[in-house]
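Student: Sequences listed follow chains A and B, in order.
Mapping of the first sequence onto our numbering: position 59 corresponds to residue 59, and the numbering continues sequentially without gaps.
Mapping of the second sequence onto our numbering: position 117 corresponds to residue 117, and the numbering continues sequentially without gaps.
Hints should not be assumed to be uniformly reliable.
Which copy is meant is left open, because identical chains are indistinguishable; a pair holds if it fits in one copy or across any two.
SDA-like, lysine to any residue: derived pairs with alpha carbons at most 20 Å apart [stated by the list, open to error]:
1. K28 <-> Y53
2. K37 <-> Y53
3. K45 <-> Y70
4. K45 <-> S30
5. K45 <-> E133
6. K45 <-> G73
7. K28 <-> Q67
8. K44 <-> G73
9. K37 <-> D55
10. K44 <-> S71
11. K28 <-> P65
The set of hints was computed from the structure by calculation and includes no laboratory data.
Note that the structure is predicted; figures quoted are calculated from it, not measured.
There are 2 protein chains.
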Amino acid sequence: MQETELVNTTRRWGTGRKKVEMKKIESKSSLIVTFCKRRNGLFKKASEFCNLYDDANLAIIVLSPNQRPYSFGHPDVNTVVDQYLGDQESSERNNISCSEDTRGKNNMDCDNINEEGEGCWWERSVEDMNLEELEKFRASLETLKNNVAMRVREERRTRVSTRDFLGGFS
Amino acid sequence: MQETELVNTTRRWGTGRKKVEMKKIESKSSLIVTFCKRRNGLFKKASEFCNLYDDANLAIIVLSPNQRPYSFGHPDVNTVVDQYLGDQESSERNNISCSEDTRGKNNMDCDNINEEGEGCWWERSVEDMNLEELEKFRASLETLKNNVAMRVREERRTRVSTRDFLGGFS
DNA sequence: CCCTATCCATAATT
DNA sequence: AATTATGGATAGGG
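The whole structure should be built from the sequences, with the hints applied where relevant.
Tutor: What follows is the structure, encoded as structure tokens:
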């Protein structure tokens, strides 16, 4: 590979760009400013991204530190989200309903895995990953989840429509 | 991890980054490669973004030129989307995504993760799982992703090498 | 084909 | 000027 040992913290005459400091912003005001900058940077990237090809579909949703929502969408946030959610006729949502919010805001019980995952393969593996690997792993999981969801959806279509079937999972 | 090929007889030197020609990509193959790169760049930005503060909420959804879905989410795509939509009754749709049949493989380099296992857990299982198992698996992935995300943030914060983390999570 | 990773050089950004 | 992001070419996996 290439060594990235360009550690020189003593550099301070700099008009130059500072090395990325990936840590939490201390003061709230700094956070706000940084948030705006980074958000703009991100949206700009996204904008360029969408110019790469015609039928690009991209959406970004972000909440500010004060919970104010900002979004970028091409051609439109809702369009992309709907596609992602697989809801083709999103005009009127709220048709079918399992009437059970099982996803929970990231507080899904770990027992799900801890008790059923014999040996806890993931526990062992994750421990040995470095930061970079973790980042990739995290992204991979997102994709994996998408694929599984896809699979589920297809499976569901193929079979007799039994949505009660899923009613109680968690 | 991966061997760095130092062997190179005919080193064809890259022409370097071209001028910022933000036009439609001509060839499909170029588009695909560029898509991949820019997506990684975008997700990386997003990743950094999320480390600015703890309760960051950010989601990105993008479809590849071939309509394959990719997403980045912190803490989770659906969480952010739900907040954005303010739709609390989306449980029926919240986990289902995309319409194309790309069943099966994900992009995870599992060699990094499960070296000792004979056959990759995910490859082995997802194909053979029934709907019920898939749903559980999906839920597990959700949890796992959150855990990894947590781990990543923790790592970033402390800048300490892999420590015994998972033993005491949640 | 579709997708990802890597190398090199350089444009873009701070 | 230091650092990052990315285009082009290329290799490899599926």
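Student: Evaluate K45 and E133 at a C-alpha cut-off of 20 Å and name the case that applies: within, between, both or neither.
Tutor: Only across copies: K45 and E133 sit 16 Å apart there, 24 Å inside one copy, limit 20 Å.
Student: With 20 Å as the alpha-carbon cut-off, assign the pair K45 and G73 to within, between, both or neither.
Tutor: both (12 Å within a copy, 17 Å between copies)
Student: Indicate which option fits the pair K28, Y53 if close means a Cα-Cα distance not exceeding 20 Å: within, between, both or neither.
Tutor: Between copies only: 10 Å across chains, 38 Å inside a chain, cut-off 20 Å.
Student: Go through the copies and call it for K28 and P65: within, between, both or neither, with a Cα cutoff of 20 Å.
Tutor: within (9 Å within a copy, 39 Å between copies)
Student: Up to 20 Å between alpha-carbons, please classify K44 paired with G73: within, between, both or neither.
Tutor: Both, since 12 Å and 18 Å are each at most 20 Å.
Student: Reference check for the pair K37 and Y53, CA-CA at most 20 Å: within, between, both, or neither?
Tutor: between (26 Å within a copy, 14 Å between copies)
Student: With identical chains treated as interchangeable, where does the CA-CA distance between K44 and S71 reach 20 Å or less: within a copy, between copies, both, or neither?
Tutor: Close inside one copy (12 Å) and across copies (18 Å); limit 20 Å.
Student: Using 20 Å as the alpha-carbon threshold, which applies to K28 and Q67: within, between, both, or neither?
Tutor: Cα proximity of K28 and Q67: one copy only (14 Å, versus 40 Å across).
Student: Between the shortest in-copy and the shortest cross-copy C-alpha distance, which are at most 20 Å for K37 and D55: within, between, both, or neither?
Tutor: For K37 and D55, the Cα distance is within 20 Å only across copies (18 Å; inside one copy 28 Å).
Student: At most 20 Å between alpha carbons: which applies to K45 and Y70, within, between, both or neither?
Tutor: So K45 and Y70 pass the 20 Å test inside a copy (15 Å) and across (16 Å) alike.
Student: From the Cα coordinates, with 20 Å as the cut-off, is the pair K45 and S30 best called within, between, both, or neither?
Tutor: So K45 and S30 pass the 20 Å test across copies only (18 Å; inside, 22 Å).
Of the hints listed earlier, there is not a single one the structure fails to meet.
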